[in-house]
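With the hints as your guide, set chain B onto chain A.
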Amino acid sequence: MADIWQGPIEKIDDYRWRIPKSYKQGMRTDGIIYADEKLLKDIRHDKAAEQVANVAFLPGIVSASLAMPDIHWGYGFPIGGVAATDIEKGGVISPGGVGFDINCGVRMLRTNLQFEEIKTKIKDLVYALFSDVPSGVGSKGDIKVSAREEREILVKGARWAVEKGYGVEDDLTYCEEEGAIAGADPSVISDRAYERGKAQSGTLGSGNHFLEIQVVDNVYDRETAELFGVSEGQITLMIHSGSRGFGYQVCDEYTKKMIHCLSKYNINVPDRQLACAPVESNEGKEYLSAMRAAANYAWCNRQCLMYLTRVCFERVLNKSWQKMGMSLVYDVAHNIAKVETYEINGEKKKLCVHRKGATRALGPEHPALPEKYKHTGQPVIIPGDMGRNSYLLVGTKEAEKTFYSTCHGAGRLKSRSAAIRSFNVSSLLQELEAKGITVKASSRGTIAEEAPLAYKNVNDVVNVVHNAGISKKVCRMRPLGVIKG
Amino acid sequence: MKKNTKSFEFFEHTADIGLKIYGKDPKEIFVNAAKGLFSLITDLKKVDLNTEIEVKLKDENREELLVSWLNELIFQFSTYSFISKEFKIEEITDNKIKAKVLGEEINLSKHKILSEIKAATYHELEIKETDRGFEARVIFDT
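Line by line, the protein sequences are chains A and B.
Quick note on numbering: the first sequence equals residues 1 to 485 in the numbering used here.
Quick note on numbering: the second sequence equals residues 486 to 627 in the numbering used here.
One or more hints might be untrue.
[What the hints assert, rightly or not] With a straight-line cut-off of 27 Å between C-alpha atoms, the simulated DSSO-like cross-links for lysine-lysine are:
#1 K543(B) - K257(A)
#2 K583(B) - K256(A)
#3 K581(B) - K256(A)
#4 K256(A) - K531(B)
#5 K520(B) - K256(A)
#6 K543(B) - K264(A)
#7 K257(A) - K285(A)
[What the hints assert, rightly or not] Among chain A residues calculated to face chain B with C-beta under 8 Å, some are:
#8 G76
#9 D101
#10 D132
#11 R192
#12 R196
#13 Y220
#14 G245
#15 Q249
#16 C251
#17 T255
#18 Q273
#19 C312
#20 W321
[Claimed, not checked] These stretches of chain B come out as covered by chain A in the derived footprint (C-beta under 8 Å, 3 or more residues):
#21 510-516
#22 545-553
#23 560-566
I should point out that these hints are in silico values taken from the structure, not numbers from a laboratory.
We put the CB at the ideal spot given by N, CA and C, even for glycine.
The following block holds chain A by itself, in its conformation from the complex (with noise of 0.2 Å):
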């Protein structure tokens, strides 16, 4: 593990902690950390802190380098990573500020069902969606694509699935994007994106993907639960998943042709895979929209992971999925470069914002939410890790002083490696049976991999974006069952 990150950290207040400018030469501006003093001590043991530092030499950066308390180490970019860019002042965007994994995100659907009610059902369900939900490396997907439908897939995202019979039209309203978002190019994808991704459409990803059935055991608003159809006892589940090999090859092939953007747009900019280009250039653009058709092709693939999902409960419990309350609460993305407009010192501007395991958190009366959801804020899905607990939180007016970010999950604390020595699956599996766990996973290595403790507390995490006011604790579920790919 790396040594202590011996930078300076100068408290702003509980929950923020600044990276002054003066820290490295060629910081445009601050970086901001949201944790609590607990959380900083773990920041400072890998080099989080650092890529902090160095995506505040992006051009065009506005306000601060943020960082929410799930940060940890990543590449260029930290995991946990928020930073907003002017377009016009020459602004950049960053494909390591999206992450290989674009639109990797998680959808939460809530039920009618108890758990009282279906509680000897659980491993059933698990096995059950084990079997019908393809998952684990190399796994290829039942509903097959077309080389036309693809084009149409990248551009259409889950409206695609939707109109194929996977959905309904108000999967498309309580999703982030409404499913897809527009200005997606399939021209800029390569062939090789396209036949990376062809196999794998409605598999799920392995490594931290998952899909998990819980319940709600903690309920802190009442008012915002209700109107997001949630309350305590009531099982709900979890679809983490992303764009897959496709997202992977379009990350690789865009940060390859930013490197050679550097010199050409004379970008100083301390690791290469910050590699980045004005939004308004030729590669700027490209990538926007190659980034936008890879996620759009993650949100199909949610909407295909739901719809197998609800298929599978059909099949089990003996019900229609609609006749047991089955439907999408929301779906949010954590690896993404959106373009979204903010008043910066009394001026509207357009502003890239990239969320690198960060989540949208969109206030009340926001324009890009759904009728229903204008009062309250948007649904801010949290999840945890296996064995413990997941959030629904909601987004906050304060959460534009953060570009309407927040956390994604727990962050990782030990890395895949330690992890995977210092536990022994089959404790761990007999552990989380203890606790009423149900997991399947398609490989041993995922169980290792994704051990409880190799994760910061979800707990902490959650703590700490509620207190800084950036989002609001809405409710809290533990799981049943998982299935990992």
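Same frame as chain A, now just chain B:
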């Protein structure tokens, strides 16, 4: 006689995995990097050499070529389920590589897949000459 018996080793990186590669010359670095990569994916002892592919790549410099080489092999694995095991590099310069790669298509009854590697990154990428030959570092996103 082997001067340095280790051809690669892993190092810690919170979210991903790092590979440190040793070799007597750049050709060996490229071979050992690929071996290190696939040893993360599966037990290579169980992989037969019944399929061959050709890899031809060009790049700006040696380090970027290394990343391109590894990402090409990852692409072949991810798209065509091809596990690379042996590498016959026919031509290598700072800007070009031509190789024949032998291996086998995934057979889940025979091969246990240990992890999914998304890509080789440019983060802290380095190839340097030492008094014992060459050393390189690559971090993979997993």
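To see whether the hints hold, each was checked on the structure:
{"no.": "1", "hint": "K543(B) - K257(A)", "verdict": "13 Å, holds"}
{"no.": "2", "hint": "K583(B) - K256(A)", "verdict": "20 Å, holds"}
{"no.": "3", "hint": "K581(B) - K256(A)", "verdict": "16 Å, holds"}
{"no.": "4", "hint": "K256(A) - K531(B)", "verdict": "34 Å, violated"}
{"no.": "5", "hint": "K520(B) - K256(A)", "verdict": "23 Å, holds"}
{"no.": "6", "hint": "K543(B) - K264(A)", "verdict": "20 Å, holds"}
{"no.": "7", "hint": "K257(A) - K285(A)", "verdict": "12 Å, holds"}
{"no.": "8", "hint": "G76", "verdict": "6 Å, holds"}
{"no.": "9", "hint": "D101", "verdict": "7 Å, holds"}
{"no.": "10", "hint": "D132", "verdict": "18 Å, violated"}
{"no.": "11", "hint": "R192", "verdict": "6 Å, holds"}
{"no.": "12", "hint": "R196", "verdict": "5 Å, holds"}
{"no.": "13", "hint": "Y220", "verdict": "30 Å, violated"}
{"no.": "14", "hint": "G245", "verdict": "4 Å, holds"}
{"no.": "15", "hint": "Q249", "verdict": "7 Å, holds"}
{"no.": "16", "hint": "C251", "verdict": "7 Å, holds"}
{"no.": "17", "hint": "T255", "verdict": "7 Å, holds"}
{"no.": "18", "hint": "Q273", "verdict": "4 Å, holds"}
{"no.": "19", "hint": "C312", "verdict": "22 Å, violated"}
{"no.": "20", "hint": "W321", "verdict": "30 Å, violated"}
{"no.": "21", "hint": "510-516", "verdict": "violated (count 0)"}
{"no.": "22", "hint": "545-553", "verdict": "holds (count 4)"}
{"no.": "23", "hint": "560-566", "verdict": "holds (count 4)"}
Hint compliance for this structure: hints 4, 10, 13, 19, 20, 21 are not met, and every other hint is.
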